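Below are the chains, spelled out letter by letter.
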Amino acid sequence: MVLPAGLAYLLMLLLPTLAAVALAFTDYELGLWPPAWVGLGNFEEMAADRGFRSSVRNTLIYVGIVTPAAVAGGLALALLVEAGGRGRTLFRAVFFLPVVSLTVAMASAWQYLLHPTIGPLNAALRGLGLGTPFWLTSSDWVLLTLAAIGVWESIGFNMVLFMAGLTAIPRELHAAAEVDGARSAWDRFRLVTWPLLGPTTLFVVTISMIRSLRVFDTVAVLTQGGPNKASEVLLYTMYTEGFTFLRLGYSAAVTLVFLLVVLAVMWIQMRVLDRRVHYG
Amino acid sequence: MARRDLPRLGLLSLLGLLFLMPYVWMVAASLKPLDEIFRASLSLWPERLAAAENYGRVIARVPVAQYIWNGVVVCGGILFFQLLFAIPAGYALAKLRFPGREWLFGAVMLGLLVPPHVPALPLYVAFSGIGWLNTFAALIAPSTISVFAIFLFRQFFKALPDELLHAARLDGMGEWSIVWRVVLPNAWPAATAFAIFSVVAHWNDLFWPLIATQGHERATPALGVLYFRSEEAGDDFGAMMAAAVIMTLPLVLAFLLAQRRFVEGIATTGLKG
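Chains as they are written, first to last, in numbering that gives the first Met the number 0: chain A, 0 to 279; chain B, 0 to 272.
These are computed hints drawn from the structure, not numbers from a lab.
One or more of the hints may lead you astray.
What the hints assert, rightly or not - Sample of chain B residues at the chain A side, in silico, Cβ under 8 angstroms:
| no. | residue |
| --- | --- |
| 1 | L8 |
| 2 | F18 |
| 3 | I58 |
| 4 | R60 |
| 5 | V63 |
| 6 | H165 |
| 7 | V199 |
| 8 | F206 |
| 9 | M240 |
| 10 | L250 |
| 11 | L252 |
| 12 | A266 |
As the list claims (entries may be wrong) - If you anchor each label on the Cβ, the simulated ranges turn out as follows:
| no. | chain 1 | residue 1 | chain 2 | residue 2 | range |
| --- | --- | --- | --- | --- | --- |
| 13 | B | W102 | A | P194 | 34 to 40 angstroms |
| 14 | B | L95 | A | A184 | 48 to 54 angstroms |
| 15 | B | R259 | A | S138 | 42 to 48 angstroms |
| 16 | B | R47 | A | L245 | 26 to 32 angstroms |
| 17 | B | F104 | A | L124 | 52 to 58 angstroms |
| 18 | B | R2 | A | I267 | 45 to 51 angstroms |
| 19 | B | L95 | A | D48 | 39 to 45 angstroms |
| 20 | A | V271 | B | L17 | 30 to 36 angstroms |
| 21 | B | L83 | A | E44 | 39 to 45 angstroms |
| 22 | A | W185 | B | L16 | 53 to 59 angstroms |
Unchecked claim - Not everything, but these chain B residues come out facing chain A in the computed CB check (under 8 angstroms):
| no. | residue |
| --- | --- |
| 23 | R7 |
| 24 | F84 |
| 25 | Y90 |
| 26 | H116 |
| 27 | I210 |
| 28 | P220 |
| 29 | A221 |
| 30 | V251 |
| 31 | F261 |
Being a predicted model, the structure only gives us computed values, none of them experimental.
The C-beta atom is built at its ideal place from N, Cα and C for all residues, glycine as well.
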């Protein structure tokens, strides 16, 4: 009964993952067999490579912007949508729409929207007499722009998770808090909703970090890591090293770094979960 | 009450409109002739409707139907095997006692930690070795195993009453026919939720199709947009937006028709984005 799944697990997940780990310590290039064992050579090369260092830095900055913005935004939207009875279904659909939309296609739409000369956004800014940045082609703006698109993509997803968390909080608790003197909505949020939402919030934060660590589509479509590596991110580095330059050993080492970051995020989540999160 | 609700609704409408801007402009540009697009005016409605030209150029230049068909085959194939493998495994882990069960469940939990990008490199090497690149098999095979699906079905089946299974066994049913005739009909809520999650993920995936295929023949919708951009369109934003509309439409339409199921499906399966 577990045999088909077990076989597929072995062939498509376990063995390739172990192989990726092993490859990370070799100089394997496609077509050059057998590869030589280079120990930590790939990692030393990475540490010395400015391109890779900026890839790590960009990824962390991207995650550092997208996660807090998409989590706070998702919570705010969930509270707003849930605060009244009307429009719940409509607004939920509107904010969720980017989650189900083809990222590559929507990236094209963003490219037009943000086009420096013919894009509607800059046309509007010109109309208001404001500056018209090169959103996707200036190294000062590109990462921020990609992060904004990332927030737009994932905020609805977080909102839905928060809405599920909010409906699980019994209404009587709010009424009880009001009786006990929590008069303002802010007090009730601070004293009741926020603590009871703890597990949901931790979950949403973790998921947002992991999803944003995986940023690839928008970079591949809009910037190819440019200009001058200003939007190079981990998965894109892995992709170009492995499938453009065919340096699979080095690419595997980049993959390993990516995996370690993902595992670190999950490990931190487990630690926090063990200690602090209040279960209602 | 209604009047007190107005500021909230106003704010939400404003934010919602802001959120929809990319869609609005995408559709607007797909209806405009190029000279109007390049004038960068802020009017949404085209002075001269160029929908037929823009959409016509997309359909003439790239095999749109082929992309969509490939997307359907890949998503359908992946979902079929995911369910075929995960439902029996989830049932076994939830309800059967056999040596090594805890160990297998540990393997499932371990698998949840590994993003699909990690096994991609060796899979690419293996597939190129056996001549699988550019086939449906290469697009489908790596996703046939979903540890997340196994986990989800295990949790779901744990809640099934044991009496139901005992009764089936007393009727002389084997474990396999119990899976397909007793457990599966009870698994529809979990299966629909997972199906939506799976189809959304794989319809929108760019990473693996980009690695596993070349050219139009096996290109999925995501790749189709990418190819159209780089090879055909250049600065032809009207046609580019038309291509984007066409490829986004199937899933968005499905979402609008079954909105609640989508949202609930994603919320309950949100564990692994």
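Status of each hint after checking the structure:
{"no.": "1", "hint": "L8", "result": "holds (6 angstroms)"}
{"no.": "2", "hint": "F18", "result": "holds (6 angstroms)"}
{"no.": "3", "hint": "I58", "result": "violated (16 angstroms)"}
{"no.": "4", "hint": "R60", "result": "violated (15 angstroms)"}
{"no.": "5", "hint": "V63", "result": "violated (12 angstroms)"}
{"no.": "6", "hint": "H165", "result": "violated (17 angstroms)"}
{"no.": "7", "hint": "V199", "result": "holds (5 angstroms)"}
{"no.": "8", "hint": "F206", "result": "holds (6 angstroms)"}
{"no.": "9", "hint": "M240", "result": "holds (6 angstroms)"}
{"no.": "10", "hint": "L250", "result": "holds (5 angstroms)"}
{"no.": "11", "hint": "L252", "result": "violated (10 angstroms)"}
{"no.": "12", "hint": "A266", "result": "holds (5 angstroms)"}
{"no.": "13", "hint": "W102(B) <-> P194(A): 34 to 40 angstroms", "result": "holds (38 angstroms)"}
{"no.": "14", "hint": "L95(B) <-> A184(A): 48 to 54 angstroms", "result": "holds (51 angstroms)"}
{"no.": "15", "hint": "R259(B) <-> S138(A): 42 to 48 angstroms", "result": "holds (43 angstroms)"}
{"no.": "16", "hint": "R47(B) <-> L245(A): 26 to 32 angstroms", "result": "violated (48 angstroms)"}
{"no.": "17", "hint": "F104(B) <-> L124(A): 52 to 58 angstroms", "result": "holds (55 angstroms)"}
{"no.": "18", "hint": "R2(B) <-> I267(A): 45 to 51 angstroms", "result": "holds (46 angstroms)"}
{"no.": "19", "hint": "L95(B) <-> D48(A): 39 to 45 angstroms", "result": "violated (51 angstroms)"}
{"no.": "20", "hint": "V271(A) <-> L17(B): 30 to 36 angstroms", "result": "holds (33 angstroms)"}
{"no.": "21", "hint": "L83(B) <-> E44(A): 39 to 45 angstroms", "result": "holds (43 angstroms)"}
{"no.": "22", "hint": "W185(A) <-> L16(B): 53 to 59 angstroms", "result": "violated (27 angstroms)"}
{"no.": "23", "hint": "R7", "result": "holds (6 angstroms)"}
{"no.": "24", "hint": "F84", "result": "holds (4 angstroms)"}
{"no.": "25", "hint": "Y90", "result": "holds (7 angstroms)"}
{"no.": "26", "hint": "H116", "result": "holds (6 angstroms)"}
{"no.": "27", "hint": "I210", "result": "holds (6 angstroms)"}
{"no.": "28", "hint": "P220", "result": "holds (6 angstroms)"}
{"no.": "29", "hint": "A221", "result": "holds (5 angstroms)"}
{"no.": "30", "hint": "V251", "result": "holds (6 angstroms)"}
{"no.": "31", "hint": "F261", "result": "holds (7 angstroms)"}
The structure shown violates the earlier hints numbered 3, 4, 5, 6, 11, 16, 19 and 22.
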